[in-house]
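J.: Each chain, letter by letter, is given below.
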Amino acid sequence: MVSTKNTVTRGDSVIMADGELLNLRNRYLAVILAWLIPGAGHFYQRRYAKSSIFFLSILSSFALGMFVGGGRCVYASWNSVEKRWQYVIQAGIGLPAMPAAYQAYYGKPGQFMAPPSSTDDLSQWNAETASGMDMGTLYTMIAGLLNMLVMFDAFAGPLPPPTTKPKGEKDSTGDDKKPAPPKAGASGSSSPVAQV
Amino acid sequence: MPISMSLEYLLLYFPLVISVSLVVGGTRHERADLVLVQAQRTFVWITTFMLVSYAVLQFASWMV
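Those sequence lines, one after another, are chains A and B.
Residue numbers for the first sequence follow this note's numbering, beginning at 1 and rising by one.
Residue numbers for the second sequence follow this note's numbering, beginning at 1 and rising by one.
Only chain A is shown next, with the shape it has when bound in the complex (with noise of 0.2 Å):
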């Protein structure tokens, strides 16, 4: 339970989001968690539902990628073959991508995730799932952006700044205004902070 007597500033790991308090725990903790499993960091500040919503949407997305790809989408190279631009991109998933970094070095060709050996291969590859290496390479990529999010929410918690005090408590500067009222046919929140 997050005490209200708590100084809630940005900078805070307690800080408020539609009108809660929320505890970020320790944020960093938290990030490199959120980076290597999409919603383990937010499991970890017990934001359970968050967290599960994370973990199915960019999961499935990805794994979506994947089946598309015909399982070869993701792979890392940076040689005459292909310089693969793309998969700095599809590592912001953490974990899941990371047996290509492993691949890139001491994977053998047809491997999982091992990249190709020359320029044939990867032309073969593309001829066998017409399109679908495009496509697969694109939801792994929008998979590996959208736990970028993740990951930034897991540290500072939802995108609208949050208040810098709770209701009726001074801050700092000893500014007691209240809060603007939420506008008419808003989402229906109970905070200001959580108008978009």
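What the hints contain is simulated information worked out from the structure, not anything from laboratory work.
The structure displayed is predicted, hence computed values, not measured ones.
Not one of these hints is a red herring.
Selected chain A positions facing chain B (in silico; Cβ < 7 Å):
hint, residue
1, A17
2, D18
3, K50
4, I53
5, S57
6, S61
7, L146
8, P158
9, L159
Here are a few chain A residues that sit away from chain B, every Cβ distance over 10 Å (derived from the structure):
hint, residue
10, N26
11, Y28
12, I32
13, Y44
14, W78
15, K83
16, W85
17, I89
18, G94
19, A104
20, P109
21, Q111
Using N, Cα and C, we set each Cβ at its ideal position, and we do this for glycine too.
Got chain A sorted already, so can you dock chain B onto it with the hints?
T.: For chain B alone, coordinates are given in the frame of chain A:
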């Protein structure tokens, strides 16, 4: 020549846009009900944008 796409690829749009909407909603709000409202808005916004883009491209294709 009209712009066309296989139905299989078109159906792949839905799981992706649902995932994106949920994650965007999740990074905007903390409460589950607000997350779902935001996700719904994002879904509608993206889909509308895609449909308008498709209409513009279709029109340009018809003009050529």
